[in-house]
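Sequence lines, in order, name chains A and B. Quick note: the first sequence uses the working numbering, first residue 1, plus one each step. Quick note: the second sequence uses the working numbering, first residue 676, plus one each step.
Nothing false has been slipped in among the hints.
Listed next, the in silico BS3-like pairs over lysine-lysine satisfying Cα-Cα at most 25 Å (straight line):
no.	chain 1	residue 1	chain 2	residue 2
1	A	Lys518	B	Lys1301
2	A	Lys592	B	Lys1286
3	A	Lys592	B	Lys1267
4	B	Lys843	A	Lys168
5	A	Lys614	B	Lys1289
6	B	Lys1267	A	Lys614
7	B	Lys1267	A	Lys626
8	B	Lys1248	B	Lys1350
9	A	Lys592	B	Lys1301
Using C-beta positions, here's what the derived DEER-type ranges look like:
no.	chain 1	residue 1	chain 2	residue 2	range
10	B	His1232	A	Lys626	32 to 38 Å
11	B	His1232	A	Val531	47 to 53 Å
12	A	Asn210	B	Thr1279	40 to 46 Å
13	A	Lys675	B	Gly1072	51 to 57 Å
14	A	Lys327	B	Ala887	28 to 34 Å
Everything labelled a hint here was simulated from the structure, so no lab data went into it. All residues carry an ideal CB built from backbone N, CA and C; glycine is no exception.
Chain residues, written in single-letter form:
There are 2 protein chains.
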Amino acid sequence: MNLDALFTPRGVAVYGSVKPGKMGAILIDRLVEGGYSPVYAVNPKAESYRDAQGYDSILKIEDHIDCVIIASPAKFVAGVLEDAGKKGVKGAVIITSGFSEAGYHDLEDEMDAIAQKYGIRYIGPNCAGMVNTKWNFMPTLESTPNPGKLAVISQSGAVGGLIMGMSKEANVGVSKFVSFGNGRDLNAAKLLRYFKDDPDTAVISLYAENIAEGREFMKLLAETTKTKPVIIIKSGRTASGQRAALSHTGSLAGADTVYDAAFAACGAIRADSIEDMLDISKAFCQLPEAKGNRMAIVTNSGGPGVMSADASEHTVLTLPEPSAALKDKLREFLPAFAGLANPIDLTVEGTPEQYGKAIETALQDEYDVAVVIDIGTPYLEATPIAQEVVRAAKAVGKPVVSNFKVGNDIDQAMNLLDTNGAPCFASAERAVRALSKVVEYSQLKAKVVDMNRTFETKEIKTDLPSLLEYEANDLCYKYGVSVNHCIFVDDKSKVKAACEELGFPIVLKIVSPQILHKSDVGGVKVNIKSVEEAEEYYDKMEKIGEGKDFRGCVLYHMIDQSIEMIVGFSTDKQFGPVVICGMGGIYTEILKDVSLRIAPVTETQAMEMLKELKTWPLLNGARGGKHYDVEALAKLVAKFSELPFVYPQLKEGEFNPVFIYEKGAMAADCRMILK
Amino acid sequence: MNLDALFTPRGVAVYGSVKPGKMGAILIDRLVEGGYSPVYAVNPKAESYRDAQGYDSILKIEDHIDCVIIASPAKFVAGVLEDAGKKGVKGAVIITSGFSEAGYHDLEDEMDAIAQKYGIRYIGPNCAGMVNTKWNFMPTLESTPNPGKLAVISQSGAVGGLIMGMSKEANVGVSKFVSFGNGRDLNAAKLLRYFKDDPDTAVISLYAENIAEGREFMKLLAETTKTKPVIIIKSGRTASGQRAALSHTGSLAGADTVYDAAFAACGAIRADSIEDMLDISKAFCQLPEAKGNRMAIVTNSGGPGVMSADASEHTVLTLPEPSAALKDKLREFLPAFAGLANPIDLTVEGTPEQYGKAIETALQDEYDVAVVIDIGTPYLEATPIAQEVVRAAKAVGKPVVSNFKVGNDIDQAMNLLDTNGAPCFASAERAVRALSKVVEYSQLKAKVVDMNRTFETKEIKTDLPSLLEYEANDLCYKYGVSVNHCIFVDDKSKVKAACEELGFPIVLKIVSPQILHKSDVGGVKVNIKSVEEAEEYYDKMEKIGEGKDFRGCVLYHMIDQSIEMIVGFSTDKQFGPVVICGMGGIYTEILKDVSLRIAPVTETQAMEMLKELKTWPLLNGARGGKHYDVEALAKLVAKFSELPFVYPQLKEGEFNPVFIYEKGAMAADCRMILK
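Could you build the full structure based on these sequences and the hints that come with them?
Here it is in structure tokens:
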């Protein structure tokens, strides 16, 4: 994908009125002020504006033009692209709105067709433009950022503008910014692919309100996070929550949870807000990779030290105390009143040298990452301490974040930290949060899912919207999922053989596509202990099924009861099959204690799902209870999660319950709905 | 409590070296630069510094001195106060450290005795000073704030300094700031009392690492929040969590939960961080009281609108759609493409007039509070919109917060909003969070607990560290708690009468202080159906109890099983008795689904505790289940929570289980531990 004409154009033409306050003029202002040239203005009266010579047609411009910036009314955009194509233009920034987002799909189709004809790659329509800081190229309506290593992809122009504006406050530099608007050509996924290989970009951020083609996006994401961290704000959590799926399993798989699962599976970091995204991006832009999660807090004041410790809870960070040996080492250069637990509290008297040595010693010996806090006073300098922090962090080569506040030179100290690899945050808590995400990335990266698993697909032959119980059971059984195998008999004469094969006691159930709630009509008989009894109940079922499309009966060996789990899959609109598991009954229904992943999952992932459950201790021998065979259950979950890929017709599937034993796990009841 | 000499002194003397860089000099710098006079310097060589005339004794100063600022070494402080007392000084700011915090309790006692002798009120020792902006009085080592209505009380000097520094960034003005350090005289509670009546203070904030004398503090807090919001940062959540209590009930009542409960019960708002505290304070300083929780979002851009909606989840705010009637009204002045759901999206073309009218109409007709978002562009003005927001908010008199970002005059617009009652926040999410706390305060305030309930106390006579089961049962029964009443018999001859009184079936248990686990030794017999059987088992118990201080047996009528709840109280170090309840078994033990309150609770509070449980739906007929008698359970919890007040010797008590029925609730097993 060559986007040079778009990102590093040689020659740009701006379409749109150049009257004061009009879009064309504003865009030329931004381009000229950004330092880009040559810029041309194309408008009916061939009006020039600032450095931009005016033409009434792009074809009259003698110079080479790589890219057009379009703010003309929507109905003219196709014509503009036609001309641009003839001129040899290969990139376009289409600011103009009034396309598919306003219901004018035909205008957008027409425009896209022409762009394709000429091989023009474009962003928009209905976008706020883009920025390439290195190329001094700023065709955007929004604020422009300082140069740096963060790429910003935003679906929303306003949010893009917010991010640009706030990036300056946060002292985070930007490599490129793209507001992709309707994303007809370049969308989130394609831009991700571009930035993956962009040498000027070290960290990628994305603001999205929805993700189209979730699986494709995930593949790219998984590929990208191998080399570059990706931080995503996905808004609309509330609205997403309303897209509740219809079935029981679906309703638990609230869509926002699906986004969480998709991002985590691909090693991406989800941010809560723009501030959070910029904090995390700042950390990634500046820090070396984390090799572990042991955090040291080095501080000169107790309160913020305690608040940092609080902030590390519920993150991947741990806060171990220094060993006796490390404490001895620290004592050699720290005064007696310094706190040697973690936080390492140098107290208000902490000197630059003590800071430097404490950081160096702690990180060299026992810690993986550090947060350094200096709360100074208005009459003291902070820069000497900042210099030592920077020196120590560089010497050790491990991630160090900082929170410096107050001091007669605080701005200088903060900037020094920000630009020398020990980034400074608005508070100790935010420093810790950002650091935790750097550590989390290194953990997630190590277990990014294989998005390229393929399965040989098979067809299900049925006229019904869902499988009959025995069909679903059979399908699972043959695929090797641990189910309590059943035998379907369509005639009383076959009952005996089935009983003998299964062994008593036996459960017998009526089979009819018209009878959904079998128990309610007396369609289930448990604890059958003889062939005669089984045959007698076959007759009874036949009577119950009269006139209701009676197909026969299904027989099971009656298995032991145990802890009941639910395992299911459903099909998410964006991401396709997702798998859930949880303890049955009120645990899933009332307490919502459910784990969810994008399907398929491996046994390792399935085990993580189980460990995530609040009820996990109950499976794992809590308070002297039994240890259940979680490996067998994980295997069952993993195998079950493959079914919608092997049988693409399947929309939903559920085992309720699955019994988990001290040895083994077995699904007892199965339900499958087709698309 | 008259603290005029401290907060509004006429004449101040500073003790401490006035050599450059020394504390005395720094303090005089701050006082002089703050605009205060007259300042005197007291030091052995009678050195003057800047405007401060030097003396070697305060007694030689002819002018009146109300307050001394002390930075002399700890061993001299008592002497300083002695002199000051003779001079008629009634206030002191004791910066000096090296007292109780360093183990020198005697020095602190001596100093305090002298202060008391002369009626000197003081802050510190070991503090960073104080500020009264209105009096231009800034004897502090920390940053000084802008004037305003927020009082800041900080246990930590560094955190106090952070708050002062960050208050300027946040555009929050401060009335008074006190770093109370060791808090020997003026501590959090006393300062709260002072600020409650301080006419210059509208909002009170507190940073605390621990709260001494929790009940006294709660009383003051409950009193204060009637008229002024109090926002508290209580750090050390992690460390607090480690202070796990010994007993089962205690271990569930993790200390941080106790702080949460104490603050909420008194109508105080707990903040997560300094940024959060300043956001919330800013809202309180500017906004009128909230009359309800219906929030309108008025925005010119979709993304931040969605993020605001997301941020309102898990708060007390609701986000209803406008009614059809209101939509009609809005349509009269908004264009067709404006979004009329909630968010009310004026789109990028939103004019100042549309903002103003939309806010006014929405708040007049259907909404209680609003967040207004304007994400502009660098070439447009934001001030005209800000002016309309301010006008509309004033016209309606309801709380309006804002998030304005980007614009060629953005600083002016933000300042206008901040200083005219529609405060502007760093992000829409933070605006919503701050607004939600203003609404939460109005809700909490309406149900602040009565901290002045008193109970007639009674004595328990026993030599044992805990009550015997029947004693605990009796105590509850007589106090009117719904327990399954038992009869204790110390002789076989009394068994018959007991059986007749209770009715069969009967449970009989051995009574011996030496047998704690009765079932393990065969000391419990259930389902006894005749007097003969009961007598037979009395004999058996007597045998089992041989040589083990056998006291007799206790008999119960055997009650029906039902849903099992746990109800308990324990004694918190800071706050005294707390009460918990939850569903029994794994719900409390594994899933930690427990409600906690500071005891005693009313029935209304107890009902709130039940509704807070994740398992509440199970009590309340979830999925067609039974409706249990939650009123009866609430009554039991409330009554039980009074016991540690009636019997102050009680340290812990637990009912496990309490059966809750469709009609009634009854405790089946009771345990009480004495202090």
